[in-house]
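Undergrad: Please dock the two separately framed chains into a single complex, following the hints provided.
Chains as they are written, first to last, in numbering that gives the first Met the number 0: chain A, 0 to 164; chain B, 0 to 407.
Honestly, I wouldn't trust all of these hints.
What the hints assert, rightly or not - Interface residues of chain B toward chain A, partial, derived using beta-carbon atoms under 7 Å:
| id | residue |
| --- | --- |
| 1 | A136 |
| 2 | K143 |
| 3 | T145 |
| 4 | G146 |
| 5 | E151 |
| 6 | L154 |
| 7 | M158 |
Claimed, not checked - Sample of chain B residues with no beta-carbon within 12 Å of chain A, all distances over it, derived:
| id | residue |
| --- | --- |
| 8 | L107 |
| 9 | G114 |
| 10 | I305 |
| 11 | T368 |
No lab work stands behind these hints: they were computed from the structure. C-beta: ideal position from N, C-alpha, C; glycine also.
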Amino acid sequence: MKIRESELPGIGQKFEIITRNDEKLVIVIHDDGRRELYHFDNEHEDVISSITLNDQESRQLASIIGGMVYKPQALETIEMSLGDLVIEWFKVEPGSKAINQTIGSIDIRSNYNVTVIAHSKKGKKQLNNPGPDSIIETGDTLVISGERKDIRNLIRELLTDERSD
Amino acid sequence: MDHLVFEVGTALLLVALAALVAGKFKISNVPLLIIIGMLVGPHAPHFGLIDLRFIESDEIIAFLGRVGILFLLFYLGLEFSVKKLMKSGKNIVTGGTYYILINVGMALLYGFLLGLPLKEVLILTGIISFSSSAIVAKVLVDLKRTGNNETELILGIIMFEDIFLAVYLSVVSGLVLSSSGSVWGTLLSTFIAIGYMLIFFVIARKASGVLNKLFNITSDEIFIIVVFALLFFIAGFSETIHVAEAIGALLLGLVFSETEHSDRIEKLVIPFRDFFGAIFFFSFGLSIDPTTLGGAVWMVLGAVIITIIGNFAAGMIAGRKSGLSHRASANIGLTIVSRGEFSIILANLGIAGGLMPILTPFAALYVLTLAILGPILTKESKHIYNILNKVFKWTPPKVQKKQEKEVH
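The shape of chain B in the complex, shown without the other chains (with noise of 0.2 Å):
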């Protein structure tokens, strides 16, 4: 008998309680979605009607979990403007740069000391490399920080990330994702990549008169069926040439963002990129074995580590480079430690290039550990900042109060 629709019910169910828990604990859903994706699968018992193997369903929720991985990447792409970078000043595109300068370097070194190959470095410094837009976002209104000196400097090195994300993205897929072992094959499909992607670029400055047009639809189904056809088209087109089907989509989020439309295409695709990415990290978790979570906490660690320092750093040269306190400065690197999609997606990409399966157990452990840490260390940043305070002596109140004292 056919179960398939009873089987994808109750593994919605779950998802839908993974997310309840989450909303109750005001933390965000992935590190949930990926745990109980992990305690069900095949090694999960099944009592009558319920089955928690997922046997039956496997392929359609992995086909869910990839149209979720469309609409992240899409959704990534709409956000990407490179007019607000422009407008976003000085302080943000240096900050940025810092960032990623020291972080993408520090993953890089990390790689290498571990001795892993060069297409499974560059997947490991993606894992750790990427801030989670969603968790940050959502910790700054959650603590009410929304209004401290920092917050633009924060999102702006975000918004820097994302779109160093949608580049970095590019070019790794092209590498990891050719079948040819020789160095000539991996250049020319990286070539491949980045040709494709120049012509998207061109597209979106050339032809947003065209799609200005195209998407002058009052109707909002008939405007949403036409976006989700081109999306799914390209996405689908794309992996015809060797570029990952993620890629065109986000590629096609960029051309899109250029247009009128923007803002409309975006508000559409949020409920679908919540409902299918939810379901994308479940699948993510469903692939995991937990056993060989054991293997990974080693070099877990060590990245979270070298997450925390490096991200700590960056904020703290970001912050006093555009003029903040020491203090506005520590908060910076406390908050942008939080990791979440963006992890997940580049695992997900090592698991389609058929890399090292270590990757895959070492992300999820990563990701929960930051997507739960995180925004703790986000909360307690006075109390670090004090602790912190007494071992480098930035100028803290305390002192100044003392040195007044003696003065008088």
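Here chain A stands alone, though its shape is the one from the complex (with noise of 0.2 Å):
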């Protein structure tokens, strides 16, 4: 995918994305907070489509395609990063230290520096808000948010099979 930003003064900013797939789609971002896409024909001359959102809008749409809202199927692990913190989704393997442990017992916070944001017990769309008593199992989603380092390294000694590497 490519990216390509530039300023348009006294309007915004606009993005020009061409996919994969080379489709065209252009996201301006007006001063005033609104968001327009435009979606252009294969010769990327015309606009076929575009579509006009408020802030609020917006926001809710970029939750919905970044996946904090719905976790595609097809995804074993998401990022997303605000700066330095990441956020992942992590399903956890079979075989790693984790499983039947409570997340208070590993105490992950102050071990790892990571928090737990959500957990999904295997097989369940909806995320639940984990206490200290929840017990970790083959298969669940931990949503898991610090520093990139640090979820490193809590996915490779707790979260995965060390054996398997």
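TA: Put into structure tokens, the structure is as follows:
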């Protein structure tokens, strides 16, 4: 995916996105907070359709596209970053150390500097607010947030099967 | 009895009416304000309390209009940024240079062909060379063209024009406003204007640190008072050394644009610019006797034609040079053709310099034409392109399809 960013003086900022399928999308963020999305034809010349969103709608749309509301089945892990902070969806692998332990007993927050934001039991779509006695089982998905290196550390040591490396 | 406030209130009511109608029909309010200003004035009727001749309030409305120019040009200066231009890239500088060369060149030629004296030619050139930034930006947003390929180049050319305008205004005002009839006196006042401008450029470069400290004021109330005090003081001071007060405002804006507080000043100034700017256009209309418009018709017609041709050609060259399609390039010229605030400011400079009175109705009629025709040309750019395409035969999609059929 190619993204080109340019300034539109007096109007706002423009992002031109060409996807891997060679489709063109242009997003214009107006200084007043409005967002406009333009979908172009195959020649990248004419606008086929466009949509205008206000600030709040754009944020909601962003979280839907970003998978924060619903995680597509095809993805095992998703990452999104807010500066240094990374949020990751991770499916607990069979044979990892954390299995059958509670979040409280491992004390992930103080040992790894990582917060478990949500815990989704295997096969269920909804995310639960995890308490210290949530038991981690194979196939559960944990939504964790922290700095990238801390998250990598936690995944390597607790959420994957070390012997399989 | 003193009805001053009531008269100004009546005038503002008319201004508000024009703005409302313009908003309703999604057009620029500049032409409507001028029209409504022309319709009233000394020749208008008056019924009882409502006096549409604005005799008592004439001076105060003219003064509010003068304040409007100060804000318009102060804002232009604030927007001016060499840094932005540097960042914008080669295409914009090349495109902007072509635009200026073609359009200023054609306008100068037109002026001399009409047999006008030098000062009048320079004002006429200014009136017909500079696009209306306000209308162009508005049209792009309204027609949902902001995502198009050519939009960056259009806005870039507009920015380039604004910067050129700042320099052009400073030099021309020095020339036009010089009271001396001799060549030396004129040259001297031009040099004063340029020198004065250079001083401001140096201040902008060197003193931004000091200004940053001065403007480090948390209270918006105190901030705005300080900024406006400087604006009026510097603008007024410029007048005392025969540099137009408007140019003083422009140069001060330019200095402030280099400080860290430029965005904050811009935000504070915009409502004042819009309000007093509207009064300026109204007061400009008020100064025109509509019966004089007829005398300018042919002059305007010629100017409109060369503006459209010049803008279209420059847009085509700029667009093709930066790798845009013929259609996108055609859109450039058909978008930047709108005229508005800057043409009126130039005409007003002509009035201040005591130049030929024909320039005023010329500017009014010219702006009325292109402020209305410009956005229509932009909107219908697709059809215009298709028609022109039949004549010039740029790579049209229809022909390509035909060729493909023939091959098969």
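Undergrad: None of the hints should be skipped; say for each whether it holds.
TA: Against the structure, the hints come out as follows:
For A136/B, the interface hint holds, since its Cβ comes within 7 Å of a Cβ in chain A; the closest pair sits about 5 Å apart. Checking K143/B against chain A: minimum C-beta separation of about 6 Å stays under 7 Å; hint holds. The closest approach between the C-beta of T145/B and any C-beta of chain A is roughly 5 Å, which is under the 7 Å cut-off, so the hint is satisfied. A least Cβ separation of about 3 Å between G146/B and chain A falls short of the 7 Å threshold, and the interface hint therefore holds.
Contact between E151/B and chain A, as hinted, is supported at the beta carbon level, the nearest pair being about 5 Å apart and thus within 7 Å. The beta carbon of L154/B comes within 5 Å of a beta carbon in chain A, closer than 7 Å, and the hint placing it at the interface holds. Interface restraint check for M158/B: the shortest CB-CB distance to chain A comes to about 6 Å, inside 7 Å, so the restraint holds. Every beta carbon of chain A lies more than 12 Å from that of L107/B, the smallest distance being close to 28 Å; the non-interface claim holds.
No Cβ of chain A comes within 12 Å of the Cβ of G114/B; the nearest lies about 39 Å off, and the non-interface call holds. At roughly 27 Å, the least C-beta separation between I305/B and chain A is larger than 12 Å, which holds for a residue marked as non-interface. Annotated as non-interface, T368/B keeps its C-beta farther than 12 Å from every C-beta of chain A; the closest such distance is 24 Å.
In the structure shown, no violation is registered for any of the earlier numbered hints.
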